[in-house]
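Q: Listed in order, the protein sequences are those of chains A and B. Heads up, the first sequence is in this note's numbering, so the first residue is 8 and it goes up one at a time. Heads up, the second sequence is in this note's numbering, so the first residue is 851 and it goes up one at a time.
Hints listed in this document are in silico derivations from the structure and should not be mistaken for laboratory results. Errors might be hidden in some of the hints.
[What the hints assert, rightly or not] Here are the simulated DSBU-like pairs of lysine-lysine, each with C-alpha atoms no more than 35 Å apart in a straight line:
#1 B/K1165 / A/K233
#2 A/K255 / A/K190
#3 A/K273 / B/K1069
#4 A/K180 / A/K190
#5 A/K17 / A/K28
#6 B/K1165 / A/K180
#7 A/K28 / A/K180
#8 B/K879 / A/K190
#9 B/K879 / B/K1252
#10 B/K914 / A/K273
#11 B/K912 / A/K376
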Amino acid sequence: MTTIGTDEIKTIRQIVADFAKREIRPAALESDRYPFAAFNHPLMQKLAENGFLRPTLTEEASGAGMRMLGAVLEEIAREDASIALIILIQSIAAQLRMESGETTGIRQGFVESTGGGETLVALPVYADPVERPDSVKAATQGNGFILNGSVSYIPCLPVADEVIIPVVMQNGKGIRLFRVLCKAAGVTIGDPIVSLGLRACPIADLTLHHVSMPADAVIGNNDGIKHYEGLCERFRGPLTAIALGILKGACAAARRYAEERYQGKKQIIDHDMVRMMLSNMIAWIDMGTVAVNEACRLADEKEPCPPSALLSIQTLASTAVTRATADGVQVLGGYGYMHEYGQEKRMRDAKQLQAVFGSVPVKRLEILKRNP
Amino acid sequence: MRLDFDDPGLFSFEDSFAGLSHLGTIKKKAILSARKDFEAVREFAQHHLRPLVLSADLAVQKDKNALPDDILALAVKHRMLSLFIPGFIGGGGSGVMYGINPCIEEMSSVDPAFQAGVLAGHGLGMAALTVSQNLKIFERVAAKVVSEERAGRPYLVDCAITEPMAGSDVEEFDLLPHARLVSRAGRVEGGALISGNKCFISGGHTANLHVIVAPFDLKRPAETLSMFLVPKDSPGFNLGRIEEKMGMKAGSASELVFDGCFVPNENIVYDGEDIPAAYRERILHSVLGMTRIAVGAMGTGVARGAFETALAFAKTRLWKGKTLIHHQWAQEMLTNMLMNVYMARAVYLEAGCVLFTAVLPGALPAFMNARWFERLYQSPIARRIRYSQRVRDAMLKGFFGKPREDNERLQFYSSLAKVVGSDTGMENCHLALEMMGEHGLRHEAGAEKLFRDIKLCQIFEGTNQLNRLHMFNHFIARNLPGVNPFSGGRP
């Protein structure tokens, strides 16, 4: 396994930043209108071709690069956080499969190419990895299983070929992870759900009615769900990098506007109250940069780390970014409220992101629980 | 014992206890009237408006040019547009204004987009006409609102002040001299010609009549700022684009484009150069004094809507075997949200007491509701008298000649209500979404819409930053000569 050095990360950052400006920025505002505008399928293709769709699986990373993933997600999130979330989800799914011992078809996608086009996986990442509702049940049938139940609010589901969900095994045999083909008989995918932010990452509800699954639809061994919980923990760093990227984009836009807009007999950046808002945004960026680096490093180095460190960093940083991006809109005044300027999208995206891996109060209470 | 006006650092009894100072003047019948108005709006908002709110927002998400015709038709049917126009002008009001801000809170708790995007644009226009002291024009417009409503049609006005390069600069009298305005009026035979652009005008695309604020001389905007009526479809006037906004989608934020638009003399509400210099500041201050308190009520309504949405969620969502409402952390969050509502409401009610002392009576004398008064008021001789220049001058003096400290107090309290109401609404929306997790992010839950809607309340009617400087200027620095937050800079 290669260790990724800071120089490699710097290079990757620059490559991704250039790609994002060229390929993601021009489409961001239109894609944000989903489901009333099309999902950007061609972009998924371009991401895959450049190795950005599952960057943890590149030759260099070999499945170990949380810092590298953090850098990729941050640069993408500066232009469109929705795309960063899609990449995060694909990365978690890929990591899950790889660490569960699967080797075939991972680099190309999970379903052998169905006539071209990149395939996506859906994963219910808005649910708390531990406090999940767990309402899908599996009954044994021959060598396979019959699944019944529903899972709500799954990102990527409207555009995915398969979805990975936790399933409660009958007769108290624990909770396992299943991958379910979206086109399988008995699978109902609801209409795309109109949401607050990260809208270019489509979301839908899933219902399973007597869905027949073969034995190999189960991912991993009996420890499947515990493995998933641990994996989500490691990905909190890269997730927080998305929040950081959103804030960097918001701060840059606010600063540019404040340097040009003239009210009150000066450029508004010369008003202390505006300076204070920009300063606070930069302060959170400074702290967030250190926190994200540390969160990714702790995950990469797999040493024992403070039990709630990653959770605390995600919770505090994502909450701070929701308030800071609201200030980002405030600096732009009336223009901040207009879709065309891209700033209100960042405020919505930050708030949407705050709910990934569960609601904030539940996350906060968990912090104490981990520190007996 | 030192009297408090000897010490510029201390605030007087009237400065500090606005409600207490005003309570003695409020009649019981007026409160009953206010209560009736509130109940009418509650009935409309909860039973008739509520079912349409989410689909109105979605319709505009699908097509930014969609207009809230069905909500407007409903408002007309329930006589919402004439609720506060006094009976002797033909409306459904009893001359009592005490209920107006509670009504705004109630409407905003169900749909801030309808309140702020449609009704408030109309309210701003009507407020501007009220403040103008041009009774002839005000009554003409009010009568039209009422008669159209009776015929089943909405008749709305808007108020166009903001321009692409002039936002904060037109919301603050001290900044007006340096505002980079583009729209201007020119004097011609029989009236004026208007050219230029206005932007972000609330309700522009549903207004039947536009109240335009523009100067005759771009180099002297403060002295020549005047007010004009432009009916829709006037030659030389066109509606431009509708902005695509974060929220408040039911109301259009419109561009108005003027290209040699002729305004006849009878549609010139006032010419700035006819207004005594001492009153010019008071015109802006009186309008903002009313409308900023209204925004405070809007924000409080949103804070309440967010609380109610979170409460409904907590009553049904299970977590660890029991519904959230049984978990102490949820009880705390909900209580904090309700505390926020009550704090914000207390502020706008106090501000209302200042408004009803400094600018408008909270209740007109009861005899004005009598049929004989209406007949007398509408008689030709009564009209001739009150439309005369003498009466106009007396009204201007009565309205704008009030003591300086009354106005300073109103400026502080109205900005206070605006900032507190909007900030509180924003915070409660943050909390509601945090409590509701993934469910709150779904459009159908109604919570994320409130979050998108409320942000505008921190920005329009002067940003909360500008409003803080306004408060500082009028209340903290009023006795500090030389301390002026709006001095300095490069004009």
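Q: Determine for every hint whether it applies to the structure shown.
A: Each hint, compared with the structure:
1. B/K1165 / A/K233: 31 Å, holds
2. A/K255 / A/K190: 39 Å, violated
3. A/K273 / B/K1069: 18 Å, holds
4. A/K180 / A/K190: Cα-Cα ~27 Å, so holds.
5. A/K17 / A/K28: 17 Å, holds
6. B/K1165 / A/K180: 32 Å, holds
7. A/K28 / A/K180: 49 Å, violated
8. B/K879 / A/K190: 68 Å, violated
9. B/K879 / B/K1252: 27 Å, holds
10. B/K914 / A/K273: 34 Å, holds
11. B/K912 / A/K376: 45 Å, violated
In summary, the structure is inconsistent with hints 2, 7, 8, 11 from the numbered list given earlier, while agreeing with the others.
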